[in-house]
Amino acid sequence: MLPLLGSLLQNLVLGVQKGAVYALIAVGYTMVYGVLRLINFAHGDVYMVGAYVGLRLSARMGASISGSVPGFALIFALTLLICGLLGVLIERLAYRPLRTAPRITALITAIGVSLLLESLAMLIWGTSPQFFPTLFPLAPVRALGLDLNPKYLLILFASVLLMAVLWYVVTRTRLGKAMRAVSYDREAASLMGINTNLVISFTFALGSMLAGAAGLLVSALTNVKIEPLVGVMPGLKAFVAAVLGGIGSIPGAVVGGLVMGIAETYVIAFGGSTWQDAIAFVLLILILIFRPAGIMGRATVEKV
Amino acid sequence: MKKLLACLAIGAAALVLPGCPAGPGGGGGAGGSSSSGTILVGYYGDLTGDTATFGQSTKDGIDLAVAEINQDPPLGRKLEIRTEDDQGKSEQAVSVVTKLITQDRVVAVLGEVASSNSMAAATVCQREKVPMITPASTNPAVTETGDHIFRICFIDPFQGSVMAKFALNTLKAKRAAILSDVKSDYSKGLSQFFKETFTQNGGQIVAEPSYSKGDSDFNAQLNAIKAANPEVIFIPGYYTEVGTIARQARDQGIKVPLIGGDGWDSPKLFEGAGTALEGCYFSNHYSTENKDPRVQQFVTAYKAKFSGREPDAMAALGYDVARIFADAVKRAGDTDPARLRDAIAGTKDFAGVTGTITLDEKRNATKPAVVLEVKGKAFKFVETVQP
Numbered sequence: 001m002l003p004l005l006g007s008l009l010q011n012l013v014l015g016v017q018k019g020a021v022y023a024l025i026a027v028g029y030t031m032v033y034g035v036l037r038l039i040n041f042a043h044g045d046v047y048m049v050g051a052y053v054g055l056r057l058s059a060r061m062g063a064s065i066s067g068s069v070p071g072f073a074l075i076f077a078l079t080l081l082i083c084g085l086l087g088v089l090i091e092r093l094a095y096r097p098l099r100t101a102p103r104i105t106a107l108i109t110a111i112g113v114s115l116l117l118e119s120l121a122m123l124i125w126g127t128s129p130q131f132f133p134t135l136f137p138l139a140p141v142r143a144l145g146l147d148l149n150p151k152y153l154l155i156l157f158a159s160v161l162l163m164a165v166l167w168y169v170v171t172r173t174r175l176g177k178a179m180r181a182v183s184y185d186r187e188a189a190s191l192m193g194i195n196t197n198l199v200i201s202f203t204f205a206l207g208s209m210l211a212g213a214a215g216l217l218v219s220a221l222t223n224v225k226i227e228p229l230v231g232v233m234p235g236l237k238a239f240v241a242a243v244l245g246g247i248g249s250i251p252g253a254v255v256g257g258l259v260m261g262i263a264e265t266y267v268i269a270f271g272g273s274t275w276q277d278a279i280a281f282v283l284l285i286l287i288l289i290f291r292p293a294g295i296m297g298r299a300t301v302e303k304v
Numbered sequence: 001m002k003k004l005l006a007c008l009a010i011g012a013a014a015l016v017l018p019g020c021p022a023g024p025g026g027g028g029g030a031g032g033s034s035s036s037g038t039i040l041v042g043y044y045g046d047l048t049g050d051t052a053t054f055g056q057s058t059k060d061g062i063d064l065a066v067a068e069i070n071q072d073p074p075l076g077r078k079l080e081i082r083t084e085d086d087q088g089k090s091e092q093a094v095s096v097v098t099k100l101i102t103q104d105r106v107v108a109v110l111g112e113v114a115s116s117n118s119m120a121a122a123t124v125c126q127r128e129k130v131p132m133i134t135p136a137s138t139n140p141a142v143t144e145t146g147d148h149i150f151r152i153c154f155i156d157p158f159q160g161s162v163m164a165k166f167a168l169n170t171l172k173a174k175r176a177a178i179l180s181d182v183k184s185d186y187s188k189g190l191s192q193f194f195k196e197t198f199t200q201n202g203g204q205i206v207a208e209p210s211y212s213k214g215d216s217d218f219n220a221q222l223n224a225i226k227a228a229n230p231e232v233i234f235i236p237g238y239y240t241e242v243g244t245i246a247r248q249a250r251d252q253g254i255k256v257p258l259i260g261g262d263g264w265d266s267p268k269l270f271e272g273a274g275t276a277l278e279g280c281y282f283s284n285h286y287s288t289e290n291k292d293p294r295v296q297q298f299v300t301a302y303k304a305k306f307s308g309r310e311p312d313a314m315a316a317l318g319y320d321v322a323r324i325f326a327d328a329v330k331r332a333g334d335t336d337p338a339r340l341r342d343a344i345a346g347t348k349d350f351a352g353v354t355g356t357i358t359l360d361e362k363r364n365a366t367k368p369a370v371v372l373e374v375k376g377k378a379f380k381f382v383e384t385v386q387p
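These protein sequence lines map, in sequence, to chains F and Y. If you read the first sequence in our numbering, its first letter stands for residue 1, the second for the next number, and so on. If you read the second sequence in our numbering, its first letter stands for residue 1, the second for the next number, and so on.
Please note that a few of the clues may not be correct.
Quick look at which bits of chain F chain Y covers, simulated, 3 or more residues with Cβ under 8 Å [said to hold, decoys possible]:
1. 10-22
2. 213-225
3. 261-273
In case anyone wonders, no lab produced these hints; they're calculated from the structure. Even glycine gets a Cβ: it sits at the ideal position worked out from N, Cα and C.
The shape of chain Y in the complex, shown without the other chains:
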């Protein structure tokens, strides 16, 4: 009798539960909400992992933009951001984006910064036909996933050439070593493009060891680099490892300049590096020293909202990506996924804080890069490089 009751109970539960509605707007596709409620947008990023400042800064930029946008919302409907933390892991990125699309039913997804995670999530977004706009992933393969994947920043073939030319022309270095992260698509791609431009213009790569994201002992690799005697070392990694690498390099007596890419951009770079990166250079998306009134307005508004903190490039890109999305909604006229996708693809001459943004047929943006120098605890503008 007891067993029979138990079976009946389980059977009843099995029949009832799947029928529960998955959320508002049970109609097919990413319907967002009903046509007169808020516009649901998903945001995913690394909020607690090794590259936490990327996810948090981008979110801050997006929040600032959304607060401004909602004063005069597109189509009269306010934007609502659903945030998910992927802890910097690509498997997690896949599961949170799947949740955002299938359970929260967002109309579009914003994120991520790290190219490996963006690529993983992009397959989900493309399959579900939900537009995804990444603010800061620079590996070209991200947008190659499909026609629903966009980016508003420059790509690594350009970024790699920026630092290669800087090393050759400004630092007058002919021998370079590269220390890259094998677990990061961003790092692998960027070091490849740097190598191409550097060698094509008369330089020589003397050593190319690698590490894995999460490592904290780089002495063996630095030993090998030191033995090869380069004039400059290119470290296209993320700030947590770069800081420790720089410190260990200086501890080993390596005195040559270290250069890198936009993965360095974080206030936490100095926690690991101390003073080891003084006088080193990296390429980035924007500089707070840009006198353009748009940039200064953004910096002032950001400082006001976030207790005096200076916005880094991720915050600026987050700000731009949210505003570009709102602009696309206005141009599309509604949140129908196909129309939205086409509107985003048609973004032209958008006045962003990180530059004037036009998306090309590969859904990438062609923008200038800046080279910054590490001085004390700040990044000082050195030069702008046009594409």
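Just chain F, same shape as in the assembly:
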């Protein structure tokens, strides 16, 4: 009984770590949907760009600098900046011209942007998997009867910190208030004197920064392989997480991400790793059948 409980707890910790990463990406999906009613399918690929940019920067600076706290902080900041700019660029070039077009057009364009990013990555960085060198040699610690890996805790901590910053921006700043206004009713917001273009660009920048941060953190701290399609699965699962929590709701995205991470970890532990991707889509189907608005979403009535 006790080993089972211990194993459940251990997996819960793993699940929360994984879920935090999904939450970071899901928040970006949900924010963009909020302001534009668009599912930005290219979002998962910003995760991939974050990983590659971080890798190249770290290679440029050398292992010793990258392994130091200020060095890594610099890489982190630069990666976030670049990914934010990428987000703004994508919005400006691919989505703004389609602001008045039917929604399906923008959706298909998003898929196109995703393929473009993946192909560019293949061209620029090659298709063979690449890895970060070990930056921080941290040994696992044992606490509360559980084995805790400081690197994963670091990812969890960084994710929580980023989401806290996001929450502050969205609820306590004027730009955040403008974002919420635009997602509520874009026309009314512009009538109130809000520069909707600026707000939308800002939203994209924020979301892309978080996705890029997720990519960098996971690749740098857990040394998983980086290849041009590495963002596809996390992007897809984060999308499911956003829908699960209620698309358009930021707290919903966080909750959705955590649910996804925990469900996936338990499935791997007790069902076998072949089902780990399947569980994401099973959850999607279930939520769409039983509660399409998501856990924290509101059912909206469309007036025809």
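Mind docking chain Y on chain F? Use the hints.
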């Protein structure tokens, strides 16, 4: 009027295009080229995917061999290799091999390394009656596809027993865990054979989780293994996943030795693993430390051609497979497919870099294996195991 013209144009095109010749030598079967041109041989492998070093190393070995062979070509006809990339996917392997046979009209096909891809392509080669020789696929089912499919390496029932006995006798381990790749026939087969030998000789398998090729998070499986407390962990996978598994295992505090098979053999193993595999062992086809003059000659020639790089087992097997093919052509007397097949089947006591190669009635080779230890960024020879 416009519509009529359009229909006529399409009709004309439809009549003309299928008639275009598919390539040289339009005669039936895999005629290769005309009887006095180059001998076309197909090579397929993973050149850009997850196991890219396998495909590239094998190709390098084949290229080195062909350069040497063409100095004194068999039957006076030079060998020409047509290369195709299957990106490590078995569906792709099927389509590129089909292209090699039907469009390039090769007389034989060399490849692949990964057993899943070899098995997929073998059905095509057997159906078209084109001989296929795999240099490094170790799953026994590959040659069972048919009498046109050959291999020049050992098979997994032997390889599995090598590491099982090493774990029991040298590492003195009685409890083992196995972490295998469900998407790879090589991994599934090898873990099965390891388990058989290990349990038959008094060992116990305490945990057997699995992952899928392409995964990058193995923490849940490693958690389960850790809870079962094994003395050794057998990881019969390919180097990209093995590297990350090792690193995540060490990060979780798992300190026991990790052992594996020839899928580990790649210079890129260390990119994913870092120092996590220090002191771990795996079975392989050959070692560069082998003092045999044949091996040393090959290593020197390879280093000279490829700017100082050391040849790994895939390169050595690629070198051998090309030379065995040339030898078979010489013995067959021409490139007639049936004669070629019989000549390959009759390969006996061929002096290869990876050992003396004789193909048995199941078209497999019986060869010794070596056990290598990971030290720093190199693989050090530990022992040879005879079949």
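Which of the listed hints are not met by the structure?
Violated: none.
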